[in-house]
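Number of protein chains: 2
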Amino acid sequence: MEKNFILKGNVCYSKDKENVITKENAYIICVNGISKGVFEVIPEEYADLALIDYGDCLIVPGLIDLHIHAPQFAYRGLGMDMELLDWLNEHAFPEEAKYADEDYAKKAYGMFVEDMKKGATTRACIFASRHVGGTGILMELLDQAGLAAYVGKVNMDRNAPDYLREKDAQESLSDTREWIEDTQNRYVKVKPMLTPRFIPSCTDDLMKGLGELQKEYQLPVQSHLSENPSEIKWVQELCPWSDNYGDAYEHFGLFGGDTCPTIMAHCVYSDEAEIRRMKEQGVFIAHCPQSNENIASGIAPVRTYLDLDMNIGLGSDIAGGSSSSIFRAMVDAIQVSKLRWRLQDSDLKGLNMEEAFYMATKGGGAFFGNVGSFEEGYELDAVILDDKTLPHPQELILRDRLERMIYLSDDRHIVGKYVAGEDILS
Amino acid sequence: MEKNFILKGNVCYSKDKENVITKENAYIICVNGISKGVFEVIPEEYADLALIDYGDCLIVPGLIDLHIHAPQFAYRGLGMDMELLDWLNEHAFPEEAKYADEDYAKKAYGMFVEDMKKGATTRACIFASRHVGGTGILMELLDQAGLAAYVGKVNMDRNAPDYLREKDAQESLSDTREWIEDTQNRYVKVKPMLTPRFIPSCTDDLMKGLGELQKEYQLPVQSHLSENPSEIKWVQELCPWSDNYGDAYEHFGLFGGDTCPTIMAHCVYSDEAEIRRMKEQGVFIAHCPQSNENIASGIAPVRTYLDLDMNIGLGSDIAGGSSSSIFRAMVDAIQVSKLRWRLQDSDLKGLNMEEAFYMATKGGGAFFGNVGSFEEGYELDAVILDDKTLPHPQELILRDRLERMIYLSDDRHIVGKYVAGEDILS
Chain A
1 MEKNFILKGN
11 VCYSKDKENV
21 ITKENAYIIC
31 VNGISKGVFE
41 VIPEEYADLA
51 LIDYGDCLIV
61 PGLIDLHIHA
71 PQFAYRGLGM
81 DMELLDWLNE
91 HAFPEEAKYA
101 DEDYAKKAYG
111 MFVEDMKKGA
121 TTRACIFASR
131 HVGGTGILME
141 LLDQAGLAAY
151 VGKVNMDRNA
161 PDYLREKDAQ
171 ESLSDTREWI
181 EDTQNRYVKV
191 KPMLTPRFIP
201 SCTDDLMKGL
211 GELQKEYQLP
221 VQSHLSENPS
231 EIKWVQELCP
241 WSDNYGDAYE
251 HFGLFGGDTC
261 PTIMAHCVYS
271 DEAEIRRMKE
281 QGVFIAHCPQ
291 SNENIASGIA
301 PVRTYLDLDM
311 NIGLGSDIAG
321 GSSSSIFRAM
331 VDAIQVSKLR
341 WRLQDSDLKG
351 LNMEEAFYMA
361 TKGGGAFFGN
371 VGSFEEGYEL
381 DAVILDDKTL
391 PHPQELILRD
401 RLERMIYLSD
411 DRHIVGKYVA
421 GEDILS
Chain B
427 MEKNFILKGN
437 VCYSKDKENV
447 ITKENAYIIC
457 VNGISKGVFE
467 VIPEEYADLA
477 LIDYGDCLIV
487 PGLIDLHIHA
497 PQFAYRGLGM
507 DMELLDWLNE
517 HAFPEEAKYA
527 DEDYAKKAYG
537 MFVEDMKKGA
547 TTRACIFASR
557 HVGGTGILME
567 LLDQAGLAAY
577 VGKVNMDRNA
587 PDYLREKDAQ
597 ESLSDTREWI
607 EDTQNRYVKV
617 KPMLTPRFIP
627 SCTDDLMKGL
637 GELQKEYQLP
647 VQSHLSENPS
657 EIKWVQELCP
667 WSDNYGDAYE
677 HFGLFGGDTC
687 PTIMAHCVYS
697 DEAEIRRMKE
707 QGVFIAHCPQ
717 SNENIASGIA
727 PVRTYLDLDM
737 NIGLGSDIAG
747 GSSSSIFRAM
757 VDAIQVSKLR
767 WRLQDSDLKG
777 LNMEEAFYMA
787 TKGGGAFFGN
797 VGSFEEGYEL
807 DAVILDDKTL
817 PHPQELILRD
827 RLERMIYLSD
837 DRHIVGKYVA
847 GEDILS
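Heads up: the protein sequence lines correspond to chains A and B, in order.
According to my numbering, the first sequence holds residues 1 to 426 in order.
According to my numbering, the second sequence holds residues 427 to 852 in order.
Take the hints with a grain of salt, since some may be wrong.
[What the hints assert, rightly or not] Dumping the calculated DSSO-like pairs for lysine-lysine here, alpha-carbon to alpha-carbon at most 30 Å:
no.: 1; chain 1: B; residue 1: Lys544; chain 2: B; residue 2: Lys443
no.: 2; chain 1: A; residue 1: Lys167; chain 2: A; residue 2: Lys98
no.: 3; chain 1: B; residue 1: Lys814; chain 2: A; residue 2: Lys106
no.: 4; chain 1: B; residue 1: Lys449; chain 2: A; residue 2: Lys98
no.: 5; chain 1: A; residue 1: Lys388; chain 2: B; residue 2: Lys533
no.: 6; chain 1: B; residue 1: Lys593; chain 2: B; residue 2: Lys524
no.: 7; chain 1: B; residue 1: Lys814; chain 2: A; residue 2: Lys98
no.: 8; chain 1: A; residue 1: Lys118; chain 2: A; residue 2: Lys8
[Stated by the list, open to error] Taking CB as the label site, the calculated pair distances span:
no.: 9; chain 1: B; residue 1: Glu821; chain 2: A; residue 2: Glu376; range: 46 to 56 Å
no.: 10; chain 1: B; residue 1: Val841; chain 2: A; residue 2: Glu376; range: 46 to 56 Å
no.: 11; chain 1: B; residue 1: Asp735; chain 2: A; residue 2: Glu171; range: 50 to 60 Å
no.: 12; chain 1: B; residue 1: Trp667; chain 2: A; residue 2: Asp345; range: 45 to 55 Å
no.: 13; chain 1: A; residue 1: Lys118; chain 2: B; residue 2: Thr685; range: 46 to 56 Å
no.: 14; chain 1: A; residue 1: Leu396; chain 2: B; residue 2: Leu822; range: 39 to 49 Å
no.: 15; chain 1: A; residue 1: Lys118; chain 2: B; residue 2: Val841; range: 15 to 25 Å
no.: 16; chain 1: A; residue 1: Leu396; chain 2: B; residue 2: Val841; range: 23 to 33 Å
no.: 17; chain 1: A; residue 1: Lys388; chain 2: B; residue 2: Val841; range: 19 to 29 Å
no.: 18; chain 1: A; residue 1: Gly79; chain 2: B; residue 2: Asp735; range: 26 to 36 Å
no.: 19; chain 1: B; residue 1: Leu511; chain 2: A; residue 2: Glu44; range: 27 to 37 Å
no.: 20; chain 1: B; residue 1: Ala526; chain 2: A; residue 2: Lys388; range: 38 to 48 Å
Please keep in mind that the hints were generated in silico from the structure rather than gathered at the bench.
From the three backbone atoms N, C-alpha and C, an ideal C-beta is built for every residue, glycine too.
Based on the provided sequences and hints, a complete structural model is requested.
What follows is the structure in structure tokens.
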């Protein structure tokens with residue numbers, strides 16, 4: 001497939017967490033799927049590349065969803081009246097059990113992937129279910145759609161209903177090994193990721209085995225951390241030897257560091273020691289504001305994480321979050337940060353548009369390498385937005401058009417989408 | 427226009443604030459624009475009415491927006507990084523000043539009305555600007571679109587920039603009288619409503635005159651109340667004689683009671699005395715959760731208001747709120763109520779879907795009379811929702827399909843819309 005071309009349009013991307021660069025009628029040069037940078041005039045050496053002119057459209061980096069549960073997509077926006085642990089038992093677990101049936105998995109994951117394809121997300125870190133077969137189907141569908149993703153077969157051998165729980169650590173680990181062997185080299189942009197559901201779902205034996213698998217296969221890791229006060233208390237009871245919830249992962253070598261890239265979703269209630277350790281280990285925080293509202297978890301101290309220059313991106317957390325849009329997650333992140341400032345800690349000022357856009361692109365993208373920007377050397381993930389169906393009587397500068405898209409756009413506004421230089425909508 | 431017909435579909439409406447009635451394949455009988463009730467079989471006396479069969483679609487009451495600023499629609503989703511009073515000066519006031527130009531008003535209000543027409547809102551209480559001409563244009567456009575509304579020419583003779591402020595109380599009052607005389611009998615479903623912007627914008631002389639106009643013309647009233655701590659403090663400084671912010675309205679006869687139906691937007695920080703007086707006077711609360719997030723105001727104690735059986739509905743508060751969707755306002759109301767429970771007061775449990783749906787329909791609708799339900803005697807406002815473009819692998823009961831529409835729908839799902847028995851989309 002041809003991955004050498006020039007995109008023309010109104011280009012917006014984050015320079016850093018405080019600054020969004022906006023360039024009208026600019027050119028993004030793509031060679032072998034990698035950006036050569038953004039230019040006001042096409043450099044002579046690229047004059048022969050095909051030009052794709054998006055006219056007055058906006059061009060932004062593809063959005064990154066650092067935390068989403070594919071089998072929960074089927075019941076997004078349903079049953080939103082309970083707290084985390086009840087909600088898992090009454091809603092999440094019964095639905096996930098259905099993915100033992102590969103026909104059901106094909107049908108339901110097909111809907112999930114179709115939704116992601118037509119939205120603004122180009123890359124995601126995805127929880128599947130515990131089922132090897134279903135997880136493989138999901139990876140296949142993502143690859144066919146041209147999306148980039150890390151996907152996790154979920155590990156869970158305790159504290160879940162018998163109909164869903166894995167029999168024991170041994171079964172869980174052998175399933176996981178089989179799945180890794182089967183998928184690790186099968187696709188270019190879709191890769192396996194170790195996914196212990198969360199500490200309460202995994203025995204120490206299972207966690208120990210996963211730590212060994214991590215070393216053996218050098219896979220990245222994703223899980224949940226400090227989402228809810230009752231959950232944290234429970235982890236302390238289950239792992240009395242741990243200093244904190246994060247330590248319960250680190251004890252088994254599953255908490256960041258150079259050879260174990262790790263995403264932890266939520267981090268609403270991380271204490272000072274846990275935060276310090278996340279920072280030291282380069283753990284990525286997947287901030288999932290809408291989920292934290294829907295399940296009444298609280299509001300994560302994102303200002304603190306940004307001030308500490310920690311790794312942080314956004315997650316939709318379907319179906320704790322109801323919307324799969326990372327534009328919506330940006331707005332939610334801004335909105336809840338303002339409530340946190342007002343209600344909880346007036347020293348931590350709310351987030352602004354630039355910071356939310358950064359987290360959704362370059363911040364989360366860093367987990368995938370050079371992803372989430374149009375600067376030279378970045379993989380070319382781009383979303384083309386046509387905002388002319390949102391009329392306005394006044395003149396708007398490009399920065400304002402971007403803010404409007406963040407607050408008001410939906411998939412109707414997306415007229416083009418590139419992942420690592422591949423046009424996946426045409 | 428023919429207002430006698432039968433709608434067939436999957437009907438959902440609030441019985442009361444705790445209960446949503448859901449009836450599959452049911453018939454709503456409409457005679458002269460008024461519902462005769464919902465039936466499983468068409469009663470014989472109505473057998474000759476035209477049947478409009480919406481197949482597997484949902485039919486819900488038209489949504490009610492109790493608080494929205496039409497001239498702010500142009501910059502919804504823009505400039506969301508400041509608190510109320512700064513935001514007014516930097517964003518709201520400069521834009522509103524443009525509505526002195528009737529060509530601009532026609533263009534901009536045209537966009538506003540088009541958006542409301544294609545959304546799920548059938549009735550709204552709307553702030554225009556201070557300008558008589560522009561306000562008349564807005565009312566004309568709403569009437570042409572078939573929407574029902576109370577519209578307010580805004581009064582503001584202090585604490586606003588010279589370019590927007592009315593010269594003095596006398597000018598404001600004579601403009602208001604001229605506008606009332608011109609519009610009070612001009613339309614069937616669009617009516618004038620007295621609209622002092624808020625206490626800080628109106629001198630005592632102006633408020634006194636508005637109280638007299640209210641008695642003379644028997645118009646309803648809308649304004650803002652207890653949105654933000656700094657604002658409340660300012661009102662106390664401006665009206666040292668008042669017991670509280672609400673009392674500063676009541677002093678001039680503009681705070682509810684049998685002959686002065688009143689809507690107060692926000693009520694985030696109303697104290698016990700103010701709440702008691704609102705309850706006694708039957709004041710309607712327009713709860714605007716998204717605006718309260720965007721402008722960092724806080725979270726209103728809606729659980730308290732519901733427990734006290736107060737009059738309450740939802741408002742989009744464009745452009746404090748970015749979205750004009752009252753479905754979105756329902757979700758926002760539920761979400762922030764959960765954060766309030768978690769962060770502020772664990773005695774006040776979060777809202778559920780049924781309560782949010784009630785506020786958006788029957789709760790807010792009560793301001794317009796028998797509006798917001800399909801029970802016998804209610805004006806027939808209905809929105810037809812086709813949810814088949816949101817696929818799902820599992821079976822869903824009607825109640826769940828309604829919850830999904832609340833969380834996930836947008837104007838693409840609206841395939842029909844009736845206001846007081848008039849089909850406004852065909």
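Each hint, compared with the structure:
1. Proximity of Lys544(B) to Lys443(B) is assessed by CA-CA distance (about 27 Å); at most 30 Å being required, the pair is judged to hold.
2. A distance of roughly 17 Å separates the Cα atoms of Lys167(A) and Lys98(A); the hinted pair therefore holds under the 30 Å criterion.
3. Taking the CA atoms of Lys814(B) and Lys106(A), the gap is about 19 Å. The hint holds against a cut of 30 Å.
4. A C-alpha spacing of about 28 Å is found between Lys449(B) and Lys98(A), which places the hinted pair at or below 30 Å, so the restraint holds.
5. Distance check on the hinted pair: Lys388(A) and Lys533(B) sit about 15 Å apart at the alpha-carbon level, within 30 Å; holds.
6. Taking the CA atoms of Lys593(B) and Lys524(B), the gap is about 17 Å. The hint holds against a cut of 30 Å.
7. For the suggested pair Lys814(B) and Lys98(A), the alpha carbons sit about 22 Å apart, so the restraint of at most 30 Å is met.
8. Of the supplied pair hints, the one linking Lys118(A) and Lys8(A) holds, its CA atoms being roughly 21 Å apart against a limit of 30 Å.
9. The given range of 46 to 56 Å is respected by Glu821(B) and Glu376(A), whose C-beta atoms sit roughly 51 Å from each other.
10. The given range of 46 to 56 Å is respected by Val841(B) and Glu376(A), whose C-beta atoms sit roughly 48 Å from each other.
11. The hinted window of 50 to 60 Å between Asp735(B) and Glu171(A) holds, with their beta carbons roughly 56 Å apart.
12. Here the CB-CB span from Trp667(B) to Asp345(A) is close to 36 Å, at odds with the stated 45 to 55 Å.
13. Checked against the given bound of 46 to 56 Å, the beta carbons of Lys118(A) and Thr685(B), roughly 53 Å apart, stay inside it.
14. The given range of 39 to 49 Å is respected by Leu396(A) and Leu822(B), whose C-beta atoms sit roughly 40 Å from each other.
15. The hinted range of 15 to 25 Å is satisfied by Lys118(A) and Val841(B), whose Cβ atoms lie roughly 21 Å apart.
16. A beta carbon spacing of about 31 Å between Leu396(A) and Val841(B) agrees with the range 23 to 33 Å that was offered as a hint.
17. Judged by the Cβ atoms, the range 19 to 29 Å given for Lys388(A) and Val841(B) holds: they are separated by roughly 24 Å.
18. Judged by the Cβ atoms, the range 26 to 36 Å given for Gly79(A) and Asp735(B) holds: they are separated by roughly 27 Å.
19. Taking the beta carbon of each, Leu511(B) and Glu44(A) are about 53 Å apart, not inside 27 to 37 Å as hinted.
20. Take Ala526(B) and Lys388(A): their Cβ atoms lie about 27 Å apart, and the range 38 to 48 Å is violated.
In this structure, the earlier hints numbered 12, 19 and 20 are contradicted, and the remaining ones agree with it.
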